[in-house]
Amino acid sequence: MSVKKKESYKWFAIRVTYGREIKLKAYLDTIKTESFVPLKLTEIIRKGKTKKELLPAIRNLIFIHTNRSTLDILKKELESSIPIRYMIDKARKMPIIVPDDQMKHFIAISGAQDEQTLFLTHIAPVLRNGTRVRVVSGIFKGVEGTIVRIKRDRRIMVNIDGVIAVVSAHIHPSLLEKIDTL
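Just so you know, the UniProt record's numbering puts 80 at position 80 of the sequence shown, and the rest follows in order with no gaps.
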């Protein structure tokens, strides 16, 4: 008798069509599957009145924390109502899997829903050359990322290669420590 090793959970970057990421998240919540949709506070004008609403920061993007076989079953199950597609790492020709630590830091910054948070879908190479830092105090304590300067402010960028980067609001230098890289 062979014992099948339990497949570990990973964060998958997933594309959905026609802005159905919130609908998919609601479904995943009902079946108790962890997921994350980066949301942004956006001003909307309806019937002449301005309102602030939480809307997806990047259309058609959701992160799902599960194993590959469960996600494949979910894909088939939802094929007709909410088609979902793996985001593929073009170099490896495999679905993009986000490391747990990187996802934790990404959620910490993008989950704050600060109006100054920026979401970057195309990262200029110059942004990648920053210093690796860790936030030692404040609401982003423990977050690791790369220091970047945008709009004259020092910010922390958490980059998920091939998918998205999120940039925090201004962070004072006294709250940062350099991470030594080998």
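Warning: the hint list may mix true and false statements.
[Claimed, not checked] Derived lysine-lysine pairs resembling DSS-like cross-links, with alpha carbons at most 25 Å apart:
id : residue 1 : residue 2
1  : K40       : K51
2  : K32       : K90
3  : K104      : K76
4  : K90       : K75
5  : K151      : K25
6  : K47       : K32
7  : K49       : K25
8  : K178      : K40
9  : K23       : K76
10 : K32       : K76
11 : K141      : K178
12 : K25       : K47
13 : K75       : K23
14 : K23       : K52
Hints in this document: simulated from the structure, not taken from any laboratory.
Fair warning: this is a prediction, and the values are worked out from it, not measured in the lab.
Query - Pairwise hint evaluation, K76 against K32, where the allowed Cα distance is 25 Å at most - result: Measuring from Cα to Cα gives roughly 18 Å; hence the hint holds.
Query raised in the report: Taken at face value, is the distance from the CA of K178 to the CA of K141 at most 25 Å?
Result: holds (14 Å)
Requested in this report: Would you mind confirming whether the straight-line C-alpha gap from K32 to K90 stays at or under 25 Å?
Outcome: violated (31 Å)
Query raised in the report: Do the alpha carbons of K49 and K25 lie within 25 Å of each other, as the hint requires?
Result: Since the Cα atoms of K49 and K25 sit roughly 28 Å apart, the hinted pair is violated (cutoff 25 Å).
Requested in this report: Starting from K75, check that the Cα of K23 is at most 25 Å away, please.
Outcome: This hinted pair holds, its Cα atoms lying about 14 Å apart.
Requested in this report: Mind checking the alpha carbons of K90 and K75 for me, to see if they're no more than 25 Å apart?
Outcome: This hinted pair holds, its Cα atoms lying about 21 Å apart.
**Report entry** Hinted pair K151 and K25, Cα distance within 25 Å
**Finding:** Outside the cut-off at roughly 33 Å; violated.
**Report entry** Pairwise hint evaluation, K40 against K178, where the allowed Cα distance is 25 Å at most
**Finding:** The given pair, whose Cα atoms are some 29 Å apart, is violated under the 25 Å limit.
Query raised in the report: Does the alpha-carbon distance linking K23 and K76 stay inside the 25 Å limit?
Result: The given pair, whose Cα atoms are some 17 Å apart, holds under the 25 Å limit.
Query - 25 Å Cα cutoff - pair K104, K76 - result: Status violated; Cα separation ~28 Å.
Query raised in the report: Taking 25 Å as the top limit, are the C-alpha atoms of K47 and K32 close enough?
Result: violated (37 Å)
Query raised in the report: Straight-line Cα separation of K23 and K52 no greater than 25 Å?
Result: Since the Cα atoms of K23 and K52 sit roughly 20 Å apart, the hinted pair holds (cutoff 25 Å).
Of the numbered hints listed earlier, those contradicted by the structure are 2, 3, 5, 6, 7, 8, 12.
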